[in-house]
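Novice: Residue numbers (the numbering used here), protein chains in the order written: chain U, 1 to 437; chain B, 1 to 309; chain Z, 1 to 101; chain V, 1 to 189.
If you are wondering where the hints come from, they were derived from the structure by calculation, not from laboratory data.
Even glycine gets a Cβ: it sits at the ideal position worked out from N, Cα and C.
Please note: incorrect hints may appear among the correct ones.
Partial pick of chain V residues on the chain B-facing surface, computed with a CB cut under 10 Å [unchecked claim]:
id, residue
1, 129
2, 133
3, 137
4, 178
Stretches of chain B that chain U covers, calculated by requiring three or more beta carbons in the stretch to come under 8 Å of a beta carbon on chain U [what the hints assert, rightly or not]:
id, stretch
5, 199 to 206
6, 265 to 279
Letter by letter, the chains look like this.
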Amino acid sequence: MGLTAVLIRAAALRPRVLLVTMPGGTGVRLAAETELRSRDWPSAPTPAGADLMLVAGPDCSRLGPALDRLWQDMPRPCVRVRAVTADEVAPVLDAGRTRLGAPGGEPGEPDGSVGMNGHGSAEPESAGRPDGEPARAHREEQTEGEHDVRGVTGHEEGEHDHDGHPGHGHGDMEMPGGLAMAEPGEDRDGLTLDRLHVALGPFLADWPAGLTIRVVLQGDVIQRADLDEPAVGRPGDPFWSRPWIRAASGEPVGVGEAARLRAAAHLDSLGRLLSVAGWPAEAVTARRLRDDLLDGAPASAVLPRVERFARRVGRSRTLYWLTRGIGPLSAVDARAAGVTGPAVRAAGGDVPARYRQWLTDAVGDVRRMNATARLDPVAQESPRGRWDAERPPSAALATLLPRLLVGAELGAARLVVASLDPDPDELAVGRLEAAGG
Amino acid sequence: MAETGTWWALLVAPAMLLGFAAAALAADAALDARNAGRPITVSTVVRPFLAVPRAVLAQPRRLPASDRLLWRAGVITVPVAAVLSTLVIPFGDHVVADLSVGVVWFNAMEVLTWAGLWLAGWGPNAAFSLVGGYRFLAQGLAYELPLMFALISAATGAQSLRVTDIAGAQHGLWYAVWMPFAFVVYLAGVLAFSFLGPFAYPAGRDVAEGVLGETSGVDRLLLEAGRWLWLAAGAAMAVPLFLGGGAGPGLPPWAWSLVKTLLVLAALVWTLRRLPMVRADRYVELAWVVLLPLSVLQTLVPALTDLSL
Amino acid sequence: MTFELLLVLAAGLFSTGLFGALSQQSIVMIMMGVELMIGGVIVAAADFWYFLAPAAGSGQVVIVTAVVAMAVEMAMGFAVTTAIYRARQVDMTDMAEDLKG
Amino acid sequence: MDTTGMVLLWVLGVLALVGGVLVFTLNSMARVTFALLGSLVCVGGVVAVLRLPYLGVVIVLMMVMEMVIMAVFMIAYMMNPAGLMPMSMLHNKRGSLVVSGLVFAALVAGIFLVPWPDRTGARPRDTTFQVGMSLMGDQMLTMVTLGFVLLATMVGATVLATHRGRYDRFGDDLDQRPANDPADGGVGR
């Protein structure tokens, strides 16, 4: 017991945190990212690698099952905590760590309890998994197939294709493990590979919170992509568009404040893009700059750092080489879809054009941060385009996604989504307005 | 020139490899802390190792239709192959097993990670994990042939496949100096087979850590350890292949080996954060159309030199 | 005696591979059988070289040739399978019977 | 041959045979492929124990790469569902068993009946050197032939497996730039 207790306490010194952002939880996410970075608690992109799950943001009943699946997929011992507001983040993290370090915890209950299943209460072996997959009795005899691959744990829901193909001479046979046959289909390379139905989102790491895109994969090429209705969080309070909403409702808002927030929003998007592009060091730089801007750091202090960052990333030949030609979107198509923001101004319209546009805009906005004029919500763009409560700029970006994803490989698809970075919080506003009006 | 085969060398070699890997991890943690604006203290470099108690405590997860046997086999293969590769790497005057085909042995052990990582991706029966496994194969097809030619260049220069012969053949003129391209390709290969930094493609964040994504507990510890052990093994092998082994003025051979290994390791760790992740769909073509022909040309340099001597 | 036992090992591998190559329907599985057969040949060649004629390099050259044969068989096998599969979505020898003259 | 060598030979030989049999008895494609890999790695081990370290290690190296690639094809093309179905893909099982059994019996009979000659000549000190000298000396023709065979294989296999030619890429007049590819490569051809 003594050694176990020491090990438990040592392990709890640096928990790996699965940060799950609920729709409407952007502010809490930013606070959590800052807190985790300063504490040196690594963030885990999958539940398998995490031992503390931090749910950031308001409750959302529709995403409850997905959240529970994440929790189920974490290796015990683990702790689940929730922070509804940004101020709660630090105390909630402390509480989580304390519980993680307590020897011999109580049986796992969602939301704020320690799961220590090895210490007595095992999960019922025969129960089906929450996503409806039957339990498997003959585990050792199980073999596996590429086509029936389970959805990536929690971060996406896998869906077996249940209208299995009967044409292979096994029509009535019972499939091992209750898994359905895969269905082959035409594909890009003429190889008729099996189709795999995978949902990207709602809780993928470095992904717009709550956005779900259902894709059909053959190999790792996306054959079809459908956008799910976004899950609605707290109604109508998108973090990155607040100044524009306030200005639209007649409140006086300074241009400087709006520029600061816009620069921070671009840096947030850049941080996400760089993380997806596999450049974690520069992603951290972007996020630090973002946090400094949101903290109200003076322009004179931030500007040189933002410029240096923009130079390093914008002029990186490697990053350009790796992303050029991905997600081509001409200005004409973008305008036709109703896009108004940086995405339409990015000449050339592939991923590097868009991140370079963000960098240019961010530097420009940091220069303008001391302006005192009053914000005109129509003339001045919000981070993702001209603010319009009925049709927020992110809606246009989101509708473009399925078209751009088809034919892309998985890695390229992630880059495309990150380079457009629609904000699901805005989508929620649009739908509420539409429903109300 | 080299002493071989004392029994304790069998224990010392893995321990030293572990030490180099730990040093690399600690250096990476320090750079991380500097980048994130945290103070760099002793605890900064120690904290990554808290993953060990965590891994020991974690209980196994149950996954539907996973292939435990193959998964476990793959996960174990990666660090074990890294340790086995060090058998032929001389350190100063000492080497565990001075095989006459040391270079090929190293290469074969490195290729074992292909099987290991593919199995690690296949085992859990999860989409992103499998994509990660396949990604390593794509990356392998790209980096392997240029890497082989880089190894062959060094072997051709020394006219021997024995690693100690190669180290001994560089009288004052390191192969890194007159075969710079082979040296660079070799270092890129080291990053690629340890799937770290720019070559973290099989474990990229865009596929939720790919091959690592579904692993937990000791499995994850072994795979993560495998990455850093391979980085250390690759750095240690670079010294006899391209940097003259333990030869150098003043200091004893083991000290020179230590210094050179740490320098190569430092350079590799520094590179990890300087470049974004290289996707195989771009790298394969570059490797076959540009790097491979250049590697062949590089091999011709020592071959023609041998002939003319 | 080791010499004969190793030859028995070679014969065992060869016969197992032969069984596979004869009994399997899938092209890929047949290739696996052929690989095993070549594996048997390699063992036999190494055995002959070691016990009968170590002074001549020919034994080793046979092994090199066998290894190359394996690679060629594999590459061509996959290419043909891909081509057939692309054309008519079969990977079974029985189904590809209409390819016969 | 010393005791260690004998023990190694026995272990590797038995493992190679077990792996070979498993190839046709397991029903998961991944396990089948890796059973074959295990078997062939053991073959490489046997060769290495027989004082041919270079060829032994090269066999291990090649087989790992080959079998991993094989696993990819196996799973892509295998009958649906790829190895998940516990099914037998045998046809004409009895006939095959009889034929291979007879072949095995004949071979074993031959092995023990043939009066094998005695060893001629001494083993060279460096066997790697021997194979190199053979391939680059009196067996040069073999080497050249193998080289051409490999080249022909590479070209032939690529041509067979690709379905897009230059007219698909560059248009009917071969003047379309950039090439019409489903995904960009790294060099920008």
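Novice: Run the structure past the numbered hints and jot down the numbers of the failing ones, going up.
Specialist: Result: hints 2, 3 and 4 break, sorted rising.
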